[in-house]
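Enquirer: These are the residues of each chain, in order.
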Amino acid sequence: MYTQSFNVPDGGAKTVALAPSNEDPALQAAFDTRIDADGRIEPQDWMPDAYRKTLVRQISQHAHSEIVGMLPEGNWISRAPSLKRKAILIAKVQDEGGHGLYLYSAAETLGTSRDQMLEGLHSGRAKYSSIFNYPTLTWADVGVIGWLVDGAAIMNQVPLCRCSYGPYARAMVRVCKEESFHQRQGYEALLVMMTGTEEQKAMVQDAVNRWWWKCLAMFGPPDADSPNSAQGMRWGIKRVSNDELRQKFVDATVPQAKVLGVTLPDPDLKWNEERQHHDYGQIDWNEFWETVNGNGPCNKERLATRVKAHNEGQWVRDAALAYAQKQKARSIKEAA
Amino acid sequence: MTTALKEWPLWEIFVRSKQGLEHKHCGSLHAADAAQALDMARDVYTRRQEGVSIWVVESKSITASNPDEKGELFDPAADKIYRHPTFYEIPEEVGHM
Numbered sequence: 001m002y003t004q005s006f007n008v009p010d011g012g013a014k015t016v017a018l019a020p021s022n023e024d025p026a027l028q029a030a031f032d033t034r035i036d037a038d039g040r041i042e043p044q045d046w047m048p049d050a051y052r053k054t055l056v057r058q059i060s061q062h063a064h065s066e067i068v069g070m071l072p073e074g075n076w077i078s079r080a081p082s083l084k085r086k087a088i089l090i091a092k093v094q095d096e097g098g099h100g101l102y103l104y105s106a107a108e109t110l111g112t113s114r115d116q117m118l119e120g121l122h123s124g125r126a127k128y129s130s131i132f133n134y135p136t137l138t139w140a141d142v143g144v145i146g147w148l149v150d151g152a153a154i155m156n157q158v159p160l161c162r163c164s165y166g167p168y169a170r171a172m173v174r175v176c177k178e179e180s181f182h183q184r185q186g187y188e189a190l191l192v193m194m195t196g197t198e199e200q201k202a203m204v205q206d207a208v209n210r211w212w213w214k215c216l217a218m219f220g221p222p223d224a225d226s227p228n229s230a231q232g233m234r235w236g237i238k239r240v241s242n243d244e245l246r247q248k249f250v251d252a253t254v255p256q257a258k259v260l261g262v263t264l265p266d267p268d269l270k271w272n273e274e275r276q277h278h279d280y281g282q283i284d285w286n287e288f289w290e291t292v293n294g295n296g297p298c299n300k301e302r303l304a305t306r307v308k309a310h311n312e313g314q315w316v317r318d319a320a321l322a323y324a325q326k327q328k329a330r331s332i333k334e335a336a
Numbered sequence: 001m002t003t004a005l006k007e008w009p010l011w012e013i014f015v016r017s018k019q020g021l022e023h024k025h026c027g028s029l030h031a032a033d034a035a036q037a038l039d040m041a042r043d044v045y046t047r048r049q050e051g052v053s054i055w056v057v058e059s060k061s062i063t064a065s066n067p068d069e070k071g072e073l074f075d076p077a078a079d080k081i082y083r084h085p086t087f088y089e090i091p092e093e094v095g096h097m
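Protein chains in written order, with our numbering: chain R, 1 to 336; chain E, 1 to 97.
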């Protein structure tokens, strides 16, 4: 399960101004009171338009990320090194599809339709997690995605279980329950490779080197450059800041890397006794934004694969609906 | 050339986690008809033996109370504390009752 902890504006601009509130003051006040009391908002409740729009964008981006996230790993199903690894990978990819469906359903409770959301994804207007715009070159990449990419996603997603919007929070509870299998299977696959040949060990290290910085970027820009974060925090949609989550991830991962026997590709990575946290180096944000804005190594391929699958499935969706309508017409006729 | 039909209808899914417990709402999904909704619910909501029985109901068939009328609907129960066992003081020597 995957999400960028921040909310990228669909379209390409880097920032969105906080929406001025021109809502009914009484309704707005009741909403604010509920949010301040850490209450939950449900679909039929009144909510400010900007809150609704932010949630639709965030939840649909999250759903798209799950669906597109099936592709880099799906590539490896037919090439998994054993039947056991193949069964595990199929289960994981199926989970990602399921997570996408939970999230699309949660977004639909806000008044958007599945078709609208898919149209946003397929036209390239809607964003998804940029981590999937990088290629999975070797089998070790599949392990590293489980360990680091899913690991980073879990850091993001656990606080979302307490999100102020009920359907999103409930979907995240379900997702988080299923997620820890994803991280553990990846880490374990890497542990096995690390007991193998020199070539296999090198393959793991190479995959870690390629994915590490991209995983750190998954948490989104530094807090100082995240103008939307404050509003998200105010609304109880976001609970923990980008930098705080990133720090937690680094601190959790360093000892895991040690047990695995790999190094993390950052010369500035070291324990800071005073802060009681690890310091780490500079993230290349230019590369990150380039990828978010469509110029990563696999952006075009991922989207094209998704659109092709959707279009080629159209006749199945049409046939199922036509069959259902025919069955319904027949039962009405029989009853008459 | 096929013309795209509209979206599959939305269904609400209820799962009984084990024999003896009630069916509980767990989410929704799109399906062409009830039979397909059941099949899909199995794959989407019970991949890890989360259920022993599934109900599917087309979302549009559900009538819900209006959240704006929450006060009128539920507040009258708030001052009827005599409906709760803790309202009554029973001498301690009676023990559990």
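By construction, these hints were calculated from the structure, which means they are not laboratory data.
Take the hints with a grain of salt, since some may be wrong.
[Said to hold, decoys possible] Using 27 angstroms as the maximum straight-line C-alpha spacing, the simulated DSS-like pairs for lysine-lysine come out as follows:
#1 R:K308 / E:K6
#2 E:K24 / R:K177
#3 E:K6 / R:K333
[To be verified] Over 10 angstroms on every C-beta distance to chain R, these chain E residues come out as not near it, computed from the model:
#4 W8
#5 L10
#6 S17
#7 Q19
#8 G27
#9 L29
#10 A32
#11 V57
#12 P67
#13 L73
#14 D75
#15 I81
#16 Y82
#17 R83
#18 E92
Beta carbons: idealized from backbone N, C-alpha and C, even for Gly.
Enquirer: Next, verify each hint and record whether it holds.
Expert: Now the hints, each set against the structure:
no.: 1; hint: R:K308 / E:K6; verdict: holds (19 angstroms)
no.: 2; hint: E:K24 / R:K177; verdict: holds (18 angstroms)
no.: 3; hint: E:K6 / R:K333; verdict: holds (24 angstroms)
no.: 4; hint: W8; verdict: violated (6 angstroms)
no.: 5; hint: L10; verdict: violated (7 angstroms)
no.: 6; hint: S17; verdict: holds (13 angstroms)
no.: 7; hint: Q19; verdict: holds (22 angstroms)
no.: 8; hint: G27; verdict: violated (6 angstroms)
no.: 9; hint: L29; verdict: violated (6 angstroms)
no.: 10; hint: A32; verdict: violated (4 angstroms)
no.: 11; hint: V57; verdict: holds (14 angstroms)
no.: 12; hint: P67; verdict: violated (5 angstroms)
no.: 13; hint: L73; verdict: holds (13 angstroms)
no.: 14; hint: D75; verdict: holds (15 angstroms)
no.: 15; hint: I81; verdict: holds (23 angstroms)
no.: 16; hint: Y82; verdict: holds (28 angstroms)
no.: 17; hint: R83; verdict: holds (25 angstroms)
no.: 18; hint: E92; verdict: holds (37 angstroms)
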